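Visitor: Both chains come to you apart, so use the hints to assemble them.
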Amino acid sequence: MKILYNQLKQLVPGLTVTAREVGEVFTMTGLMLDGLEEVSYQGKKDWLLSLEVRQNRPDCLSVWGLARDLAAYYGLSAQWPVGEKLNPVGQPFDIKISSDKVKRVKAVQLAALRQAASPAWLTEWLAFYGLNSVNLSVDLSNYVMLLTGYASHLIDSDKVNGRLEWRLNQDKIAVATLDGTAVALTGGELVIADQNKIVALAGIVGCRGAEINQSSTNVIVEMALYDRGIIRENARRLGIVTEAGQRLSHDLAPNGLDDAFAYLIALLMEHGGGTVISPVFDYGEAVVKPAVIDFDPALVSRFAGIAVAPERSREILENLRCHISEAGNDWQVTAPADRLDLRYAEDLVEEVVRFVGYDKIPIDEVPALAVVKKITPVLYDLKDHLRDLSAARGFDEILSQPLVADSVNNETNYLNWQPVTTQNSVNEEFPDLRQSLVTGLLNQWQVFKKKNINFCQIFEIGKVFGRSGQNYQEHEAWGLLRAAEQLSVNDFKREIEYDLRSLGLTELRWRPAEHAPLLANSQATFELTLNGQPAGLVYKLKPLAAEEVVCGEVNLDAAVAALERDHHNPAVEVLGKLVALDANVETDNPRELEKVLERVRAAVPVDNFWSVAVVDEFALAKGRRYTVRVIYRDLSDQEAKESHTRLFKK
Amino acid sequence: MNNLLSQLKTDLAVATDDETVAKCWQKYLGKAGLIKLELKALSALSEVEKKQRGPAIQSLAREAQALFDEKQKSLAAVVLSRQAAAVAESPDRRIPVLGHLHPITQTIRLLNRLFVEMGYSIMEEREIETDEFCFQRLNVPADHPARDMQDTIYVAEPNWLLRTQTSSIEARILSEFKPPFKVVSPGRAYRNEKVNRSNHFVFHQYQAVVVMEKVTLKDLFGTLTHLFRGLYGEDVVIRFRNKYYPEVEPGVGPDMRCFQCQGQGCSLCKGVGWLEVAGAGMIHPRVLEMAGLDRQKWMGFAFGLGLDRLVMAKYRISDIRTLLGGNLIYKPDINENTL
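Chains A and B, in that order, are what the protein sequence lines are.
Residue 260 in the working numbering sits at position 260 of the first sequence; the count goes up by one each step and never skips.
One gets the working numbering by counting positions in the second sequence from 1 and adding 1000 to each.
Same shape as in the complex, but just chain B (with noise of 0.2 Å):
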């Protein structure tokens, strides 16, 4: 007797599931069980044996069906935790699919959150510029060989082009805004340029303007420190060199030492070890005149930088034309409904 349920609770400790339990049960308490089968047996027994033996394998019975009561709730348990934690992690059939943002768009966000933490404002302009805000106003006059760096495409030559460059908000809001000002400007600008794998005739830039009382080489310097390490993380290695810019004086070229090969030289940095990430400067004392304001009294710092190849980067694409010609598509995030 005393082996039976010994027996029986081995085979129970071992069950893990439902099926399991029920096939102990038969096999102890079904109708050929062998407690069963020991409860039958009973009845061809003496009257005397009846009393010696009945009672202990009816308690054996009882015991039993109480360990495979306790056996059962114990297996529920499990079973309602393990749905609790399958509900818990699977999704929500009745939140819909969420829409996902350009990464242009998210870069821009990026930055702007930079640049709104530090009290710059965000302003965009027209698309459709003048000559007057797109060179002119810039220290470009027509004769200028800086123009040779932008092919224009006219809207109608020679007064009305698409901007070549974002710098065209700089001069609009020089002329249109009273300075302090402090202003970045996401936009879009447009160059003649053959489509192809590296190069689009639309592309993104970044552009920044400051002007007030006092500011300096070392405010810009800082200012596009903490730009990059915002973009690139802490240990982005930047520097500063000297660098020719119509709009600006002295210029700046601010350059990233190469991801790729950590300033060592590779072919993404043609051999020397740094990458060109923007254009900057102390804006020229001819700009300030051309938008009336005092250079004696004002001064300021104005950069740029190129967004499309920052986000390539980033996103791991290819060709540029992805970003404007539909290639790009959203892979549902792992939580999304995809019903």
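Chain A extracted, bound-state conformation (with noise of 0.2 Å):
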């Protein structure tokens, strides 16, 4: 929003200080200063100060009210002309409101309008907010609309074909807006129409059809308020940009509309010399029943963490137009009807504190808080040490953005999952989020090998996601790819697992994988699992250039949750002695001897139970001799022949 120093100046009688201070005292005051410029109006040197206006504060949409502001930090008092009271005259016209998105109407008819050119002090004046001059009424709608923060639109009568109604449009149809704009309507905007046609999107912009032009002379003249959720939807999904809408799309309070609209008339009436010839239409509440906010004053002091007086907080909320009743040590505080935006005490300790300054609370002791209870997951600190080992491992970390093409979850996905799409993703290319993390290590190797670099070591730990049914999922992974002239798989798997070892995973097991991602080499891929639950993968690309490229990505959620199951202890005492057995197990399929040391493990009971391992493994002319050794603990020689026995016969 921007103001001109001089005229806050006319508005603020008193006001003694530089613009340059005036917008200190805004920035501070939560009404930043994004702009200070040194311009000429009316022959005079003057400043333009151009303000950050919150969503808080669209009463600060509005010359006055920024003058109201200033005023009362200042502790003095702003003065703006209004209009007249209108009195009712000649006959009503025919306007309806048949729309619960509309919250105040006020219009009137005036004739005898002429449509002069606007004066050299209002199109100098609208030319600093960007607005050109377009006629003498309309300009002075604009201007009314940026002086007071309330947005007026004005028909030409003689245009309007029967009832004018507020209304939500029913049809896909085509308009021009006033600057011949075509926006196709698809239903569901709130409008203003005659009989034939739509004159406005309502809070929005003027359509063609019923619009002023220097031959209008009787006018329709309507300034409303409305529900700012369908004003905001509408402006957003047809695209339009408006000064009206951008403030109707806020919560503005509807007694401030009664002295705008007289305002406006009255500028009319003097500037365009027409009479008033219809009662003016008052259409809602013309007040909102003000707060009232119970309020401690001793809650500044608590939330400051300074001390403020109670006078001091008294003296800034009558500054701001609050009036104050006591009950006992508790204050009663009514809010000025134009402050929707205050509701909570904690709002009114906002408005003391702000104007009391920021500036004033200490800002150079570290807080010595109360000592809390750590609640870092598990999964945080698993993150940092991966990184760590990743590192020292000689790998590189990359970020990578999580948004794809679906054909490239295709190729990596490993997971029983569906991918999950965006619906208004930024690159229509990109709509899917990652399956896997091997994607954006693929994209950095790319990158490396365009830029000479052959030898690649990377790393991410980020998030993957995928979709069951409506259930979206996610979860923390660790990807790695290793790209150079000759690799091996099964070192990449031992320095995962060394990893995984080192942050107390025990349960872990390699196996042949089931499901490949399609870029992978279905015979060098394998599946790591933890505790038996199937945890991640390590595989081999299909070669696709000179170098070969290894990867591996484990699902680290799934790693916590091992963790958390493992309560492994090594340190045991054996009373009697471990006692070691072998068995000849021959199968072509490697997933069957995981199913026999998965047997193994499940069925010797756990206090007498060492290990199981593949100690020897011999070629036959179909599959293969697999030695199987099981350590048997505080069993004797024969009653471990016995279990070795019940496990292994044929």
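It cannot be assumed that every hint is accurate.
Reference listing, derived: stretches of chain A covered by chain B, where coverage requires no fewer than 3 residues with Cβ under 8 Å from a Cβ of chain B [to be verified]:
| # | region |
| --- | --- |
| 1 | 18-32 |
| 2 | 186-199 |
| 3 | 222-229 |
| 4 | 303-315 |
| 5 | 340-348 |
| 6 | 355-368 |
| 7 | 400-407 |
I should point out that these hints are in silico values taken from the structure, not numbers from a laboratory.
In this text the structure is predicted, and so the values were computed from the model without any measurement.
We put the beta carbon where it would ideally sit given N, CA and C, even for glycine.
Guide: Laid out in structure tokens, this is it:
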């Protein structure tokens, strides 16, 4: 919101500080100065202040609102002109409100209005706000909107056919806005229409068909407030950004509309010479009951951390036009009707503290807050350890963006889940969330190759995403990629295994993967299990280039779950002895061997189980023969043999 | 004879390597060396003359050889010393190349260290978030104009989306943990923004939320000052001003004096002399209420800051896409094995 310094001085008599100081006060009290420009207005030097008005202060999207706030800060009074109340005259015109999205409307019909050229003071002033002069009536309408914050719309009543109605549009129809832009309505938009046509997109912009031009003399002036949500939604959906829409997509106080409307009518008649020929149409609640807030003045000090005397709080709140009545230690504070943002005691605290000054609060003391329980999850520490381990092993960390093409997910996914597709991705070629970190790692490798970096060891720790029905899933993963002229997938497995074991994961196995990603060499794809549960994959890529590439990915949520399940305690008391017995297993399916090992682990009682491992293998004409060694604990030789025989009997 | 010895000493004194010493040795003690010639000349002398001159020449030869031996020893010591120094300075090629952590990770670690020292926990949360936790529980209902600030990427409109801010973690923590707590949360957020040198649809934030029975704006300001001094050094100049954010009340806009112009105003700070570096405030009573917390008993502060621009400035990265796009390459350290 822009404002001229000299206009502020007119509205706030007694204001003696410089424009720069005004800017600093606005900045520190919540309306940040983001531009201060020396300008000339009406032949005199002036300063144009540009202020950032946040969403809580729509009252400050106006010259009057800013003047009021500045006056309150300095304890001064702000003054602005108001129009006279209009007396009922003539016949009411046909007007109807058919939507509950309309909160307030005031409208009146003027006749014999002249559309002279706007005076220089007006066109020059509007130019500061980036508005070109259209004609006298429209310029005055814009002027009052910027001055008061209330937007109005002017309709040539000679072009209106029948009743003027505020309603929700039901049709798919194209309309042309005042600047000639074609807009396709799809239904549901709040419009102002007569019997034949839409004359305005309510609260946003007027439409051609009933617009004011140089020959317009009979004019309907309307000023309205709407449900902020529908204005915001319509403006966004139709892609129309206007000063009116910007203001009406906020909650504005209905009681301020009366003054703004009266002032606009007064200005139109003063400069255009028309006469009012209808009673004022007045719809909706004129006044919203001001908020009454129970307020303990001690709350200011409690929040600020510095002493603020109740007298100072009272002074500030009264300068802000709050009414205070005391009830014991507490106050009842009635907020001004135009400050719809004041609802809670904390809102009043903010009002007081921003005027006391944030700069009065010490900033150099590191707070000694109470000691509290640590709630950092295991996963976070585990990820940090893995980063260190990966870097120590010579891997560089990358971070990649998670939106990918669906074809990429097809190639790299190895889990039993569906891709998550965004509905409005920033790039329609990349609609899906990644299902594997390998996508980003491969992209990075390609970049390395373009830069003649042939040896590549990279890793990423981040989220991967998937969907099971309508259940959106995501988990943390650790992905690694190594590319070089010659690589061993077994070395890669071993390195990952060492790192995971160093984190305390002991029940860790590899087995040939049943489902390999499309880009993987299925003969060199191995599934990682933790406590028997799938937890990751390591694979060599199908030959892509001169280099070989191995990738790995570990589900870290699964790793944490395994850590929490695995109460591994390597210190045990062996009262008897260890008995090692071998058995041969012949199979052409490595998964069968895994099943045998799992069967042994499950069958031998924990107190008698020491280990099971494949200690030898031999190629047969068909399949392979594996020598499995089981070591029993605290069993006699005879007991161990009996157990072993039971386990491996044909 | 004395002249010969003196000349030899002078020659040896200026010799600094084995080669020069060897040449010098040839000059004096080689087959045609000056001292050898003196010894050979003895054979042409009479026995008397041999007895008169012989011992002196042989003594000269022995002394000369001793000088050469001493010189070679001192040269060897110098070489050994140089070799030792060279070994000390050269990399051990048996040590493998070390990998590197991403600048974002390094920055997060720096921040984590600061906050863990102050007793904070570290939490992360889901990135596919619900509208409820990303907006509604942060006091941003569906029709709130503050939503205009955050163009959302939807997974299933209107309920499922990619979180637009790490404040959603705050909403989760408030609803899932019983206070008191002090938590920081590094994480990613997503907005539907065009990707260019300055903007990316994915960015990194650092969020903090503290809920206790007594905590003040002064505590918040002290914490943020500690944070910024940890990041930018003790000389950093910070100011706090009032600024609206829907999830806090009172709201705070922490600014840092522009490091480029020292507050004089420049293009970086758009002439105002300050750079916005975070968003902060006391947790809004509505946010506490929606989390089921008694706002008469509990109060808290929260803040969030963006990490990407901070990292770009620190590492002199000109294009934000570099952080996620592949052009970030780690230069080997000077001591790293480059075999």
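Visitor: Are the hints correct? Go through all of them and say.
Guide: Here is how each hint holds up against the structure:
{"no.": "1", "hint": "18-32", "result": "holds (count 5)"}
{"no.": "2", "hint": "186-199", "result": "violated (count 0)"}
{"no.": "3", "hint": "222-229", "result": "holds (count 3)"}
{"no.": "4", "hint": "303-315", "result": "holds (count 4)"}
{"no.": "5", "hint": "340-348", "result": "holds (count 4)"}
{"no.": "6", "hint": "355-368", "result": "holds (count 9)"}
{"no.": "7", "hint": "400-407", "result": "holds (count 4)"}
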